[in-house]
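As a plain string of letters, each chain reads:
There are 2 protein chains.
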Amino acid sequence: MTDARPEVIRKAQAARAAAAEMAACSTAVKDRVLHAMADALIERRQYILDANSADVRAAREAGLAQPLVDRLLLSEKRIAAMAEGLREVAALPDPVGEVIAGGRRPNGLLILKVRVPLGVVGMIYESRPNVTVDAAGLCVKAGNVVILRGGSEALQSNAALVRVIGEAAHGAGAPAHAMQLIETPDRAAAQELMRLNQYVDVLIPRGGAGLIRAVVDHATVPAIETGVGNCHVYVDESADLEMAQAIVVNAKCQRPGVCNAAETLLVHRAVAEDFLRRVGPRLVEHGVELRGCPVTRGILPDAAAATETDWATEYLDLILAVRVVESLEQALDHIAAHGTKHSEAIITRDYARAERFCAAVDAAAVYVNASTRFTDGGEFGLGAEIGISTQKLHARGPMGLRELTTYKYVIHGAGQIRS
Amino acid sequence: MTDARPEVIRKAQAARAAAAEMAACSTAVKDRVLHAMADALIERRQYILDANSADVRAAREAGLAQPLVDRLLLSEKRIAAMAEGLREVAALPDPVGEVIAGGRRPNGLLILKVRVPLGVVGMIYESRPNVTVDAAGLCVKAGNVVILRGGSEALQSNAALVRVIGEAAHGAGAPAHAMQLIETPDRAAAQELMRLNQYVDVLIPRGGAGLIRAVVDHATVPAIETGVGNCHVYVDESADLEMAQAIVVNAKCQRPGVCNAAETLLVHRAVAEDFLRRVGPRLVEHGVELRGCPVTRGILPDAAAATETDWATEYLDLILAVRVVESLEQALDHIAAHGTKHSEAIITRDYARAERFCAAVDAAAVYVNASTRFTDGGEFGLGAEIGISTQKLHARGPMGLRELTTYKYVIHGAGQIRS
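Protein chains in written order, with my numbering: chain A, 5 to 423; chain B, 5 to 423.
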């Protein structure tokens, strides 16, 4: 094991030192920086693709599973999409400087609550190299310095990306250390970063449940948990069953590998036979493996038997757990016991049940008669997102530029003292 | 050492189970609960005072310092003040249910961002028993369940208080476990509470630097750091020196034991001799011990010599570190190196320097020409406060009822699926 401390501490100190200059960049400079980063990605794409080839070759030699190799793989098209993403961030409104609230107090003090950058953001993430560029771009626009820690299998790609966009950013007016990559491959490097409270303001882990858990367990820097989604669709006895079918198929199959895909279907007993006989074959046609409770298996004999583990699993795959419940309340209890506070949906025509579901479910996003797949910064109108928070502090659900800021109080006085 | 786990886990589970009922309480019920808590404090004051006498007796026997005994001591007047505090919280607007933002998306989805309670709040705090009542009251109004962990020297007092207000709250419509006190005295009990992520949503530590550090180091539950304030007043060369004197004396002396009191005075060299010759004797008259840099001691020979430790110390006492600086920029560097991101003030008549100070200082509250002592929920118009955040996630500066909430997205659809 190499000693990760020197690199991590050196880069964290450089980040801290760059934070004030980054925070002071005007909107015009930040937007110019973002376009320069985009231009550089296109111009130097071959350099990036060569680095990526080395990662992909190593991953194949190491026997990495094909879907993971796919996530790692860059192409001209993917690089162009990253560049386009940066230009879209440039086009978003600058969140910094907004006066969120304010007014004059009886003693004459003028108190302004002003939106300011977070400072130094530590991003810890897994394989996809596009996260490197997305995170750097969003941090630039929000006036933050970012320290990036990607997956070791993407190290060459990420190093090339950060070199290209970092040099371009600096050339266009950002500080030299506005974006840095931790390159020491050991887990110790990530753990060191998580505990540098004097240099790092916030950690945003983005990846699977294991990564998130490691950050929660080891970090002393404040962190925002993201992304683990064991999402449910509950089909009420009063549901429009045609609508319910479309939503269940969409929530499960449209993109099964993402956090807002549905993992468990809950069906009210009164409509279970009718609904499952209709939706079951459609799901199977889409390649979905069903794992049902005993009642479900009575209706769909080909479904496998669900275990307790199934109710708790985020499959991220074409697998759906199915449970028949006796009532809305039993569905709510199931969601409270097994949900991850991400996205939950009810399909119903009953007003009171819709209201009850929205009030009772403790999650970032609660849906009536829509697919859980909409929990997304773009779909919510935030423009872009750096992750989806599943905790309750600071930000909940999709986090856009505004969620990458904090505020400070600026108080203008005329000699006031407290009596 | 007793085993803290059974009590802490049992109470945390009970809190989790009560959270949904507490969150669903109407404003009318919550306000009735708060008044019932206040009434009960007055009615059962003798029971509370008897319990407090036992704590005070034990503290004296254990040789606790007199100021700490004073903080522990309850009286009829202090109990009446606690009751009045609860009635003031009842009079504040209910933060829960506010629609913070919302609108219809192009696909017809109506997305509402709705303010909701945090859920289960863990309060870890030190000696003063009034924090027990303040925290319980604020949590009730924000729809949260609270688990209280006070200092062991206040255990009898806190147990009596929680029994009295808890029974009254339940009698008036709150869940039976809306407020609970962890009574196992070991530090292990607090550490257990800090790691119960499945039951506790947020930790709010309130106390000295040691307590805050212990929470930051050991907690896996998201925590809000509060209250450590190494606050500075910088007297610029362009300052109105009369105003500066009044502000420095107020910031240091009006209540030296609190987090928003000034701990270091920075003075521009151009006015150092004039200003320090004026303010030095006034501070000494107020009983302040001065600890100065060499230049300061050249002007005020009676000042002790300040060491590096002094620049970093939150005295919470009638001691003031004094440093003469060459420029505004040197003052900013000093604050960046030693400040705790709490409250910082500049005294100046120069517009550009005021703007520069406000933009450059990274703190919860930045003042121009006013005392740092105003950083307070009441003074900021928040009505009441549960603490002052010195971190950047979720809330910064004074935290009132709104900062004891989070939000969720409620999405109303008509069958929308994602394409």
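Think of the hints as simulated: they come from the structure by calculation, not from any bench. Errors might be hidden in some of the hints.
Which copy? The list can't say, so a pair holds if one copy fits it or any two copies do.
With a cut-off of at most 25 angstroms between alpha-carbon atoms, the simulated SDA-like pairs for lysine to any residue come out as follows [stated by the list, open to error]:
1. Lys81 - Pro10
2. Lys81 - Arg64
3. Lys117 - Gly106
4. Lys81 - Ala341
5. Lys81 - Gly112
6. Lys117 - Pro99
7. Lys117 - Gly175
8. Lys81 - Gly101
Computed from a predicted structure; not experimentally measured.
Structure-based check of each hint:
In this assembly of identical chains, Lys81 and Pro10 lie within 25 angstroms of each other by CA distance neither inside one copy nor across copies; the values are 37 angstroms within and 57 angstroms between. Taking identical chains as interchangeable, the C-alpha atoms of Lys81 and Arg64 lie at most 25 angstroms apart only when both belong to the same chain, with a minimum of 22 angstroms there against 75 angstroms between chains. With identical chains, the CA atoms of Lys117 and Gly106 are at most 25 angstroms apart both within one copy (6 angstroms) and between copies (22 angstroms). Taking the closest pair of Cα atoms, Lys81 and Ala341 never come within 25 angstroms of each other, the shortest separation being 42 angstroms inside a single copy and 46 angstroms across copies.
In the homo-oligomer, the alpha carbons of Lys81 and Gly112 never lie at most 25 angstroms apart, since the shortest distance is 58 angstroms inside one protomer and 31 angstroms across protomers. When the C-alpha separation of Lys117 and Pro99 is checked against a cutoff of 25 angstroms, the pair qualifies both within a copy, at 13 angstroms, and between copies, at 18 angstroms. For the identical chains of this complex, Lys117 and Gly175 are neighbours neither inside a copy (33 angstroms) nor across copies (40 angstroms), given an alpha-carbon limit of 25 angstroms. With identical chains, the CA atoms of Lys81 and Gly101 are never at most 25 angstroms apart, being 35 angstroms at best within one copy and 45 angstroms at best between copies.
Hint compliance for this structure: hints 1, 4, 5, 7 and 8 are not met, and every other hint is.
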